[in-house]
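**Student:** Sequence:
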Amino acid sequence: HQPLFQVMFALQNAPQERLELAGLELRAVGREAVTAKFDLLLSVTEVGGTLRATLEYGTDLFEPQTVERLAGHYRRLLEAVAEDADGCVSDIRLLSAEEEQRIVVEWNETRREYPRRSLGELFEAQVGRTPEAVALICEGEAVTYAELNARANRLARRLRAEGVEAESRVAVMMERSPALVVALLAVLKAGGAYVPLDPEYPAERLRFMLEDSGAGVVLTQESLCEAVPETAARVIVVDSEDERQRVASLGGEDFSGGVGAEALAYVIYTSGSTGTPKGVGATHRGVARLVLNSGYADFGPAETFLLLAPVSFDASTFELWGALLTGARLAVMAARRPTLAELGAALGRYRVTTLWLPAGLFHLMVDEQLGALGGLR
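Residue numbers (this note's numbering): 149 to 525.
Each hint can be trusted.
Taking lysine to aspartate or glutamate and the EDC-like style, the derived pairs with C-alpha atoms no more than 16 Å apart in a straight line are:
# : residue 1 : residue 2
1 : Lys-426   : Asp-462
2 : Lys-185   : Asp-208
3 : Lys-426   : Glu-359
4 : Lys-426   : Asp-360
5 : Lys-185   : Glu-204
6 : Lys-426   : Glu-352
With beta-carbon atoms standing in for the labels, derived distance ranges:
#  : residue 1 : residue 2 : range
7  : Asn-256   : Val-215   : 24 to 30 Å
8  : Ser-419   : Gln-249   : 38 to 44 Å
9  : Ala-375   : Leu-243   : 52 to 58 Å
10 : Asp-234   : Leu-199   : 19 to 25 Å
11 : Ala-489   : Phe-461   : 20 to 26 Å
12 : Ala-228   : Ile-251   : 15 to 21 Å
13 : Asp-515   : Leu-199   : 45 to 51 Å
14 : Ser-419   : Asn-161   : 57 to 63 Å
15 : Ala-375   : Trp-255   : 43 to 49 Å
16 : Gly-235   : Asp-515   : 49 to 55 Å
These are computed hints drawn from the structure, not numbers from a lab.
Small disclaimer: the values here were computed from a predicted structure and weren't measured.
All C-beta atoms, glycine included, are put in the ideal place defined by N, C-alpha and C.
Produce the complete structure using the sequences and hints provided.
**Tutor:** Here it is, written out as structure tokens:
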């Protein structure tokens with residue numbers, strides 16, 4: 149673009165004398181400009197007591213209908229000023245009635261109907277529709293919806309035996325794996341609300357989150373036991389041999405915690421960059437509204453989501469429940485901090501179609517692993 153400015157307004161109102169030559173009649177010949185000098189140029193010429201305006205624009209930047217709409221806004225501005233020269237510019241309505249209807253009414257019509265039940269009930273309903281479909285894939289492991297449901301039901305009964313009831317906070321500190329998904333689902337089925345703990349957080353922050361949330365139970369793995377701060381919460385090591393046998397002896401039939409759509413589903417803590425971290429609670433209804441009959445993305449059995457975000461980051465809500473409540477597959481990224489190449493390989497290996505990435509990471513993938521993004525919808 150031009151180095152000094154991109155938009156220009158030119159008013160050509162200097163008096164023009166009629167040029168006369170002996171024996172010749174002269175008249176101006178118009179020509180159509182084929183090259184725009186600026187991104188946008190509004191040129192106004194005074195001819196016979198009237199003003200004629202021309203908009204010249206760069207076609208690499210603007211579509212014809214965009215410039216026509218801009219010209220309409222300018223025309224309505226001039227008409228309003230002519231009607232009331234003492235009015236305020238801020239009071240002038242630039243939009244046409246059609247534009248105002250589209251922008252203010254049509255684009256804001258976001259009301260949607262969605263089921264107002266607990267996430268556990270919604271998941272069980274999906275299990276009933278696609279019991280043998282693959283729900284989880286991770287490395288060489290594949291878990292069907294029926295298998296995932298049964299495993300979560302057993303662990304939910306174990307949590308109930310530990311006193312977990314409606315809206316009890318249950319901390320979950322586990323690596324990304326199918327076992328993590330089982331644990332989160334089990335907490336909801338037991339009626340509780342999960343509080344995700346990132347194993348890489350400092351011990352002081354983890355202790356604060358446990359005490360502040362009032363979590364009475366912590367679900368973790370043997371490899372992370374030493375990182376769990378000592379608090380009054382009871383620690384359950386889900387992959388210990390004793391715990392596996394105890395859970396395996398429980399029933400895998402559907403188990404509902406008896407909570408409704410307004411109950412607390414999880415508590416995620418803010419970064420604390422502006423002070424003490426704050427726990428933010430989300431209800432079952434809020435999660436369902438995010439992913440069911442949303443209208444903004446494709447959800448369903450044809451999709452494969454990637455669980456890439458830490459569960460302590462709210463992007464995981466979209467990844468987890470966008471898949472498991474709609475019959476899609478959830479591919480679990482086991483590596484804690486994958487490289488761009490590892491992420492690209494996972495997208496191809498699992499045939500991921502739906503992905504949630506921060507903008508910065510997305511641009512890095514475009515620069516370094518563009519071919520890996522070809523399967524995304």
